[in-house]
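Chain A is already provided as a structure; the job is to place chain B on it using the hints.
For reference, the chains in residue letters:
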Amino acid sequence: MTWLGLIFSFAVMVGLQVAFYRRQLATTQGGHLISHVPSLKKAWVLCVAAQAAFLDYGVFAFHAVSLTVFAYGYYHFLNMCRTARRIRLLTELIEAGGQIAEAELMRRYPAREMVERRLFRLEESGQAGIENGVWILKRRELLRSAKVMRGIKRVFYGSLK
Amino acid sequence: MWTLLMGCGLTCAAALFTQWAIWRVRTPARQSRAIVLIFVGWSFLGAFVFAHTWIEWAYFMTLQALLTASYLITFSAVEVDSPSLVMAEMLENANEKGVSPQRWHEVLNDQVLVKPRIEDLIRDQHVERMGSQLVMTGKGRGFISLFLRARGILKTPKGG
Chain A
6 MTWLGLIFSF AVMVGLQVAF YRRQLATTQG GHLISHVPSL KKAWVLCVAA
56 QAAFLDYGVF AFHAVSLTVF AYGYYHFLNM CRTARRIRLL TELIEAGGQI
106 AEAELMRRYP AREMVERRLF RLEESGQAGI ENGVWILKRR ELLRSAKVMR
156 GIKRVFYGSL K
Chain B
-9 MWTLLMGCGL TCAAALFTQW AIWRVRTPAR QSRAIVLIFV GWSFLGAFVF
41 AHTWIEWAYF MTLQALLTAS YLITFSAVEV DSPSLVMAEM LENANEKGVS
91 PQRWHEVLND QVLVKPRIED LIRDQHVERM GSQLVMTGKG RGFISLFLRA
141 RGILKTPKGG
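As you go down the protein sequences, you meet chains A and B in turn.
Under the working numbering, the letters of the first sequence match residues 6 to 166, in that order.
Under the working numbering, the letters of the second sequence match residues -9 to 150, in that order.
Any given hint could be a false lead.
Said to hold, decoys possible - Simulated coverage check for chain A against chain B, where a stretch passes if three residues somewhere in it have a Cβ under 8 Å from a Cβ of chain B:
id	segment
1	75 to 89
2	108 to 115
Said to hold, decoys possible - Here are the computed lysine to any residue pairs in the SDA-like style, where the Cα-Cα straight-line distance is at most 20 Å:
id	chain 1	residue 1	chain 2	residue 2
3	B	K129	B	S22
4	B	K105	A	E109
5	B	K148	A	E121
6	A	K158	B	S72
7	B	K105	A	A106
8	A	K158	B	A19
9	A	K46	A	S130
10	A	K46	A	V17
11	A	K47	A	S14
12	A	K46	A	L30
13	A	K152	A	H81
14	A	K158	B	R16
15	B	K148	A	G102
16	B	K105	B	V68
17	B	K129	A	E100
18	B	K145	A	E100
19	B	K129	A	M85
20	A	K143	B	G88
21	B	K105	B	R119
22	B	K87	A	R145
Keep in mind the hints are simulated off the structure, nothing from the lab.
We put the beta carbon where it would ideally sit given N, CA and C, even for glycine.
For reference, chain A alone in the conformation it holds in the complex:
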């Protein structure tokens, strides 16, 4: 029943990622800022390697692709937990008992805080930094992602929204 094995390995990957992340959290200072990428990468490698030991070539290829797509989706899910604006707004709403005045919601999570958090993350990841009192671009990885997104937008919407 190799299909059940595949479903089981999704759960194993999540379990391993959580275990690796928690261990990293316990041993790193400023733990809440650490990335979940290294723990997910380790979990993904272990799960794919385990499949290679037991399956023939064709089934392994299918499992490896499925596990990679799962890891990609899970990575973005974790990213949303940490950075998505809509998740944060809904969290504020839940904490307010499920009902809040719009002005109060905007006071609890203002644009200023959003910008400050992102500037901090840009600096932490080495993408941007301050020189002579102004922010400048230091690395181009994030910019490349922005350009890919612009490209996709152009394909689907014809022009930029």
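Just chain B now, with coordinates in the frame of chain A:
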């Protein structure tokens, strides 16, 4: 298995082409729902063509579900401008002149970052507007509970 893999690829390509054709004519109001409908529709058609046993069917639908979910989560960054990506573009456009700390707040204000996301939550029926109040719906509670649970397990603080 190779046929199934190629089948998944072709099915996704067909779904993407369908989405592109529809979006070029008229962008649906609820884009995520439309994407799910397109991908699910093509998945069943693809399973009918490429999967011949129930186990192949299970494999095919598993990978299709993963591809749909991954694409959906990626497309959400296309649908709405990510502030970090906008900031990276602002930095590129500024070249060596750079962006002053106050310039960020002038450009990326509540009207640009917060208000549209609140409207999105209302459009997606996660929240209802009642006068000046925003009230969370059952759908919104269901949606956020998954993220809150994940945050609890990973012991990560309130994000944003």
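Report the numbers of all earlier hints that the structure fails to satisfy, in ascending order. Structure breaks no hint.
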